[in-house]
Amino acid sequence: MAARLDIPRPAFREGDSSVEHVVRNAWYVLGWTAEIGTGPFARRILDEPVVAFRRHDGRLAALLDRCAHRLVPLSLGSVVGDTLQCGYHGLRYDGTGVCVHVPGQANIPDAARVRSFPVEERYGAAWIWMGDPGQADPRRIPAIERYGAPGWTVIWGAPQYHRSHYLNIVENLQDPAHTTYVHPATIGNPASSDIPPVIEETEGHIVTYRWTLDAEPPPIDRKNGNFSGLTDRCQYYHFFPPCTSRVDVVTMQAGQEHTEANMDRGLRAFSYKFLTPENDTATHFFWLHVRNFGVGDKELDERLRREMGRTFEEDNVIVSAMQREQDATGLRQLAWLRIDAGPTRARRMIEKMAAVESAAASPATTTAS
1209 MAARLDIPRP AFREGDSSVE HVVRNAWYVL GWTAEIGTGP FARRILDEPV
1259 VAFRRHDGRL AALLDRCAHR LVPLSLGSVV GDTLQCGYHG LRYDGTGVCV
1309 HVPGQANIPD AARVRSFPVE ERYGAAWIWM GDPGQADPRR IPAIERYGAP
1359 GWTVIWGAPQ YHRSHYLNIV ENLQDPAHTT YVHPATIGNP ASSDIPPVIE
1409 ETEGHIVTYR WTLDAEPPPI DRKNGNFSGL TDRCQYYHFF PPCTSRVDVV
1459 TMQAGQEHTE ANMDRGLRAF SYKFLTPEND TATHFFWLHV RNFGVGDKEL
1509 DERLRREMGR TFEEDNVIVS AMQREQDATG LRQLAWLRID AGPTRARRMI
1559 EKMAAVESAA ASPATTTAS
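Here the working numbering is used: the first residue of the sequence shown is 1209, the next is one more, and so on.
A portion of the hints provided could be inaccurate.
[Unchecked claim] Each pair of labels, with its calculated beta carbon distance range:
hint	residue 1	residue 2	range
1	R1546	P1358	38 to 48 Å
2	E1465	R1514	28 to 38 Å
3	V1280	R1514	47 to 57 Å
Please keep in mind that the hints were generated in silico from the structure rather than gathered at the bench.
Note that this is a predicted model, so its numbers are computed, not measured.
Note that beta-carbon positions come from the ideal geometry of N, C-alpha and C, so glycine has one too.
Work out the full structure: start from the sequences and follow the hints.
This is the structure:
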């Protein structure tokens, strides 16, 4: 084993993210597991460069993407056994971020190490914890409804890159009112435009929902269902701060009681969106879709993947344009509408979480009397 040089190095200090109102102590999606192959995989998260790689047994590791020598991104290097080798001078780092090999010298400087991040793989996603490693409890990874249950299937969408602060996207995902106008060819329904949403909030959760009764189904449901006459349709927009949205969508024959059993007999889907902030003006957007119809139908899988992907790109156009105007004016909003209640409460939940976390991380100060 190589010897280590006993050279003093600065104590580790948690880096302050430049992303406004960000919560660090949370699980964020680093990427779909299918994205991460045998080589280094880079992504910027909370304005920090991260590189992930798989060890020989398939286990995932994630490090700060910055060599301790000259700060060259480690993602420009290669995976060698259980280590990540820098592409500049060949330093090798293990999965904990410790340098275990320096070409041409036996002694390894103690400062030759980089930060490592807790990672977990679940639901086809690689999850990363950017905050205090001691708080990285895998049980805090959001649970996916009906995932793997008989009679249900799941599709994963291609990751999207939304050029907007993630809080704008959070608000959009808690806003049923926009669907009529932004998504007329897929999930929008003019019959819903004047129906006020109901908002319920509990500790760590908010839901905004509405039922559209005795109405023609929207285009996407006309394609997928076999309805005769009018339908009842609900959209429950759940938000689990700081970064997970779940929309429970049900379309059922009109006139039935709205029980769980009846809803499961209709067209039902759980649409999940996971937001991973890159910085103050860009967000990595991941989505998966769990449904109870067309199980095993690969053509339907691909069609829904296209249609849902198109839907979220329509959102991207809106929030990206909004971000540009916010940057240009320094403003966020001019007029407040009744439909803003749910989105505003979601934003405030995150802002409160971020403030509490920031206060806990700040050293206590005292003033001499």
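Practice task
For R1546 and P1358, compare the CB-CB distance with the range 38 to 48 Å and indicate the outcome.
Solution key: Since R1546 and P1358 have Cβ atoms about 42 Å apart, the given range 38 to 48 Å holds.
Exercise for the section: Hint says 28 to 38 Å; check whether the CB-CB distance for E1465 and R1514 agrees. Expected result: Holds - the Cβ-Cβ distance for E1465 and R1514, about 34 Å, lies within 28 to 38 Å.
Practice task
With 47 to 57 Å as the target window, see if V1280 and R1514 comply at their CB atoms.
Solution key: For R1514 against V1280, whose Cβ atoms are near 39 Å apart, the range 47 to 57 Å is violated.
Violated hint: 3 only; the structure is consistent with all others.
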